[in-house]
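Undergrad: The residues making up each chain are set out below.
Protein chains: 2
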Amino acid sequence: MSTELESSNNFTVDCLQYANWSKEIFEQMRNGRVDCVHVTIAYHENFRETILNVEQWNDYFNSYSEYIVHAGSYDEILSAKKDKKTAIIFGFQNPSPIEDDIALLEVWQKLGIRFMQLSYNNQSLLATGCYEENDPGLTRMGKEVIKEMNRLGIVVDMSHSSDRSTLEAINYSSRPIAITHANPTFWHSALRNKSNEVLECLFENNGMLGFSLYPYHLNNGSKCTVTDFCEMIGKTAEKFGSKNIGIGSDLCQNQPDTIVEWMRNGRWTKTRDFGEGTSSNPGFPPQPNWFKSNMDFGNIKNGLRHIGFDNAEINSIMGLNWINFFKNSFEKEK
Amino acid sequence: MSTELESSNNFTVDCLQYANWSKEIFEQMRNGRVDCVHVTIAYHENFRETILNVEQWNDYFNSYSEYIVHAGSYDEILSAKKDKKTAIIFGFQNPSPIEDDIALLEVWQKLGIRFMQLSYNNQSLLATGCYEENDPGLTRMGKEVIKEMNRLGIVVDMSHSSDRSTLEAINYSSRPIAITHANPTFWHSALRNKSNEVLECLFENNGMLGFSLYPYHLNNGSKCTVTDFCEMIGKTAEKFGSKNIGIGSDLCQNQPDTIVEWMRNGRWTKTRDFGEGTSSNPGFPPQPNWFKSNMDFGNIKNGLRHIGFDNAEINSIMGLNWINFFKNSFEKEK
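Residue numbers (the working numbering), protein chains in the order written: chain A, 6 to 339; chain B, 6 to 339.
Bear in mind the hints are in silico, worked out from the structure with no lab data behind them. Treat the hints with care, as some may be off.
For identical chains, the list gives no copy identity; a pair is met inside one copy or between any two copies.
Simulated pairs of lysine-lysine, DSS-like, Cα-Cα distance not exceeding 25 Å [what the hints assert, rightly or not]:
{"id": "1", "residue 1": "Lys-148", "residue 2": "Lys-275"}
{"id": "2", "residue 1": "Lys-275", "residue 2": "Lys-152"}
{"id": "3", "residue 1": "Lys-332", "residue 2": "Lys-152"}
{"id": "4", "residue 1": "Lys-152", "residue 2": "Lys-339"}
{"id": "5", "residue 1": "Lys-89", "residue 2": "Lys-152"}
{"id": "6", "residue 1": "Lys-337", "residue 2": "Lys-275"}
{"id": "7", "residue 1": "Lys-115", "residue 2": "Lys-306"}
{"id": "8", "residue 1": "Lys-87", "residue 2": "Lys-306"}
{"id": "9", "residue 1": "Lys-275", "residue 2": "Lys-339"}
Quick caveat, the model's predicted, so the values are computed rather than measured.
Using the sequences and the accompanying hints, generate a full structural model.
TA: Have a look at this one:
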């Protein structure tokens, strides 16, 4: 079965979404032929709060079983494809669900978590976020946690981390890491985007980059064109090859602005932080009109074809690269 | 009442203990005429676990009300002295009880917490611990938390923090901070002891230092003599004056070795960290024979007299300096 499905080479994978989940969105995943989505189940939630989010997802899986299924392994992703369902992979954008307890990682692995960011904008117990002024690199606990994540098959994600911590994580981790949702700074300069130095180190170590469609990560923001976006992918492939890149859209479909406030402020400040926004523009920015839902991956495929990618490359970038990465990343170490 | 009591100038204050509390120890506090003790109620405990420790202390206050009373203000400390009871002040050695939630500080203030260390050996969400390789200084959340502690009258304690974070905390805090339990490195070099640079900055900003009697902080460890200890106090007073120094014994009377393992390892590692100890010597070190319980503060007083301190200076160092610091530190900002 695996061989037959793989030979189709035709996967659509989105390695980051955090939508305001609903039947409509799960239907769109199917109608858009999206095979696998890595969904965020915690931003700043602690252990118990994240368990509540798992309970919510259990409800979704029970209620919408014709569209979606929870997956934690390569085989489960292939099974989902065979059953014409979207495989949902769980991840955290912050280590807050393990609180200060390294042993919670194994609990979360059993509950299906396959990605964890070591920091989200701010300093965590493990690593530094991209909004901090100074980055001392991995902490003592950070190193211990990476070892444990490597053992368990939970992918280290450094999307919101700063440079030194990211470089150290790439080198310290015995398994390739991921930056699930960010773009190169050579295309658009932003604290959340990634320098050539980070990307080189990431790709040299077989790590994956997922290109983001969150407007603050895009050249010209919400007005970014699909051609400009695809040319950025083209330049990245020219510089670094096309085997370690994919999509991580960061799609936050239908979320109210209170959610972006939670993402930015968590519970760490009594004043209000506007992150990439401003006090006069504090909410979610509008998505580009060519990428508003799971129905729109075809626009990216067409854009990639338009700028000269061949079918094999398009299939790699749109999903197969992530699928291969998942195959090597989600097994526990023997 | 205040004036009369203060004019006695005769306070014994210990600004850090973490004993295996019992009737015996509370009796010793009274027999040793100890007026006030800052006790640790959390090392690595999270919010809920620290609440359990508060419940335990409520039991102690109810059961041993002839010896001890909870105090959170200058007036309550004076009242306790008048009633011939030892005033117990609560503190945290780690910000773990506030988890990632700055608003918990006000909850803890109402429950009587008056000291919080910003980090304990490792990196925290707020600042760096003295066992980390790199110290980036205060984090974004660290700065927000200091502002809130200043507002509430919770003292910033940097006993287990590293140098840059400590210097930044001293300068960032609008109120004087404390290093409740540590000694100068000019006397005994140890990661936990404090450099001249840190001490100068602390004292220039009216911060307090409590001299520790934990053997790993002492010259010659458990064999340190009371004269050597008192000469260290003498040198500190010569260098920096005698108005901002006191005692913070770090006495861990009757604690089993499992407790020092908890202090060092918390839940941050799956291997075992020996901290100041070694694999062949992992437990609590024995106390010097002249400081084993709350009955032994007289030995320090005698030692100070022996090396030439006058009564007024001895009274300052043994308690009055801390009492004056508490008077200015525990009130909420108007």
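Undergrad: All hints are to be evaluated individually against the structure, with a verdict given for each.
TA: Hint check:
1. Lys-148 / Lys-275: For Lys-148 and Lys-275, only the inter-copy Cα distance (11 Å) is at most 25 Å; the intra-copy one is 31 Å.
2. Lys-275 / Lys-152: between (35 Å within a copy, 9 Å between copies)
3. Lys-332 / Lys-152: Classified as within: same-chain Cα gap 19 Å, cross-chain 47 Å, threshold 25 Å.
4. Lys-152 / Lys-339: This pair counts as within: shortest intra-copy Cα distance 14 Å, inter-copy 48 Å.
5. Lys-89 / Lys-152: Neither. Shortest intra-copy (36 Å) and inter-copy (54 Å) distances fail the 25 Å Cα cut-off.
6. Lys-337 / Lys-275: Classified as between: cross-chain Cα gap 17 Å, same-chain 41 Å, threshold 25 Å.
7. Lys-115 / Lys-306: neither (35 Å within a copy, 58 Å between copies)
8. Lys-87 / Lys-306: Within. Shortest intra-copy distance 22 Å satisfies the 25 Å Cα cut-off; inter-copy 81 Å does not.
9. Lys-275 / Lys-339: between (46 Å within a copy, 18 Å between copies)
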